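Asks: Please build the complete structure, drawing on both the sequences and the hints.
Taking the numbering used here, the leading residue of the first sequence gets 108, the next gets one more, and so forth.
Careful: at least some of the hints might be erroneous.
Cut-off 20 Å, straight-line C-alpha distance, at most; resulting in silico cross-link-like pairs (SDA-like, lysine to any residue) [as the list claims (entries may be wrong)]:
1) 535 to 586
2) 472 to 412
3) 356 to 325
Quick caveat, the hints were computed from the structure, so don't treat them as lab data.
As the structure is a computational prediction, the values presented were derived from the model and not from experiment.
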Amino acid sequence: MLVRTRFAPSPTGYLHIGGVRTALFNWLFARQHGGQFLLRVDDTDQERNVEAALAPILAGFRWLGLDWDEGPEVGGPYPPYYQSQRSAKYQAGVDQLLASGAAYRDFATTDEIQAEREAAQQSGQQFTYSRRRMATTDVEAAKFVAEGRQAVVRLMMPRAGELVINDLIRGQVVFPWAGEQDHVVQRADGTCLYHLASVVDDHDMQISHVIRAEEHLSNTPRQIFIAQQLGYPLPQYAHLPYVAEPGSKNKLSKRKLDKYLKNKDFAQLKEHGERVAQRMGWEVNSEVFNPVIVDFYEHIGFLPDAILNYLLLLGWSLDDKTEEFTREEMIRDFSLERVNKAPASFDPQKLMAFQDRAMQKLPLKQKVARVLPFLQTAGLVSTPPPCDTGPYLSQIVEAAGDRIKIGGDILDYTDFFVPDSELPYDEKTLDKRLRNAPGARELLSDFRERLATIENFDAATLEHVLKEFVDQRGIKISDLVHAVRVTVTGKPVGFGLFETMAILGRECCLSRIDIALAK
RNA sequence: GGCCCCUUCGUCUAGUGGUUAGGACACCGGCCUUUCACGCCGGCAACGCGGGUUCGAGCCCCGCAGGGGUCACCA
Numbered sequence: 108m109l110v111r112t113r114f115a116p117s118p119t120g121y122l123h124i125g126g127v128r129t130a131l132f133n134w135l136f137a138r139q140h141g142g143q144f145l146l147r148v149d150d151t152d153q154e155r156n157v158e159a160a161l162a163p164i165l166a167g168f169r170w171l172g173l174d175w176d177e178g179p180e181v182g183g184p185y186p187p188y189y190q191s192q193r194s195a196k197y198q199a200g201v202d203q204l205l206a207s208g209a210a211y212r213d214f215a216t217t218d219e220i221q222a223e224r225e226a227a228q229q230s231g232q233q234f235t236y237s238r239r240r241m242a243t244t245d246v247e248a249a250k251f252v253a254e255g256r257q258a259v260v261r262l263m264m265p266r267a268g269e270l271v272i273n274d275l276i277r278g279q280v281v282f283p284w285a286g287e288q289d290h291v292v293q294r295a296d297g298t299c300l301y302h303l304a305s306v307v308d309d310h311d312m313q314i315s316h317v318i319r320a321e322e323h324l325s326n327t328p329r330q331i332f333i334a335q336q337l338g339y340p341l342p343q344y345a346h347l348p349y350v351a352e353p354g355s356k357n358k359l360s361k362r363k364l365d366k367y368l369k370n371k372d373f374a375q376l377k378e379h380g381e382r383v384a385q386r387m388g389w390e391v392n393s394e395v396f397n398p399v400i401v402d403f404y405e406h407i408g409f410l411p412d413a414i415l416n417y418l419l420l421l422g423w424s425l426d427d428k429t430e431e432f433t434r435e436e437m438i439r440d441f442s443l444e445r446v447n448k449a450p451a452s453f454d455p456q457k458l459m460a461f462q463d464r465a466m467q468k469l470p471l472k473q474k475v476a477r478v479l480p481f482l483q484t485a486g487l488v489s490t491p492p493p494c495d496t497g498p499y500l501s502q503i504v505e506a507a508g509d510r511i512k513i514g515g516d517i518l519d520y521t522d523f524f525v526p527d528s529e530l531p532y533d534e535k536t537l538d539k540r541l542r543n544a545p546g547a548r549e550l551l552s553d554f555r556e557r558l559a560t561i562e563n564f565d566a567a568t569l570e571h572v573l574k575e576f577v578d579q580r581g582i583k584i585s586d587l588v589h590a591v592r593v594t595v596t597g598k599p600v601g602f603g604l605f606e607t608m609a610i611l612g613r614e615c616c617l618s619r620i621d622i623a624l625a626k
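Replies: If you want it as structure tokens, here you go:
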């Protein structure tokens, strides 16, 4: 069988991390089976600006490398891929449902329905619509119209028996038909609702596997009813557990940012991102700049592979130890059978661990390429970069080692890029290591003179010279190192001091020491 | 509330009747060390509860509890 899966985003303006996982599983399944993965825009309820609201979502997919075979911008054999443009197909479905008696025109007002619902609730009964305003003939319909009523189209749902769904993840799930409502499939204005549209589209587009989040499980009976009544063969269903909030089992949603920020790890991740954003001079809008949204990761320099790898393991595993997967391995090893049933909480720390691992595995050249755009955005390196930037940056990135976990972390080391006169100093550290440390100035001043005469200004020589220098004076390395560090970098922490100095060069180091001594 | 789903360390998970219940992240200790970040070594830590079935149950059955999803003329 040809495998065709789909992801159907609503044009909301952002791509949710939970949605990405659903999309990833669909994509992997299709790729594994040599099938197609498509994108279909669920904009039945959207007014305008669909393109604008869709752009960030498509951009997110592109960034992650989740390519779609059919859908917006790429087209395909079953266009259009926007639900708002497929109303004729839905109308045909509604007509067929009506003609076969699987649906009926209902003239009840929303108030009337609401009253019935409340009455049922009060008497402790399950609500079942009385179908009092159902019109099965044109004569009945005309009578209701004469009363000034308008019709919606409702499903004539079965009220006895049960439906057995064989879900690829959850196994057999049984629903009593009596629990289902006569759902509306078409509004009085002729527009159709999601369930009808979704079923019609999935059939038209030859979707073989509907892989979606668990919250759709209870929608499935009505969709199966529609499909059956329309004479469609049923797709296979697979309901994934949803992605839960950090430290809880509630579904992760974009709206509850404030609540998540009370979670230490989540807040830490957001702060990490904000630090990068601030250094690039961005106004941070927490609506958008938010670890629940994929853009966040792109903007601060996460690796798409790391995110995908993390998401893959959120609800799926191959065995008891394999954690790292390349794209090819993911495609090869993924299986719906091994998807978990229980919801999995989003763990920012573990995501970061995957990111760190992926980043450290990158060849130096690629790491440099990942980091450079952040320096350019921050205005520290021009675009295009001067030709000596490559070698210089390479030295820095190499010396930084695993301190750079995300691309934006390079902005923790701006001291390599600012002119000596503009180097900001951490005042507290300057106090501690230079101003208030007895004899520090003299020591530093002496060391400066020694530095001026070093023949090779490289890390090995610097280390040797400094050690010799402190030995001669009978002092500890730490008595001098900290003062030198704050002097040449402005900061209390950084990477290897000798590497740092070698990269900065003699002229720069001497100049910075002079500036600091004058403070 | 009805219906449906779920339940192994704090978190992600392995486990399909006999295991010292394994791994990863986090956490805690130690080592390394000029700071930071790594790295290395060690440690803490779980089968929701109650009944069955069985020689034997994390694995099978029943009940309970807890958590969650869903009950729209939203998607």
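Asks: For every hint, state whether the structure bears it out.
Replies: The hints, checked one at a time:
no. : hint       : result
1   : 535 to 586 : holds (17 Å)
2   : 472 to 412 : holds (17 Å)
3   : 356 to 325 : holds (19 Å)
The structure is consistent with each of the numbered hints, conforming to all of them.
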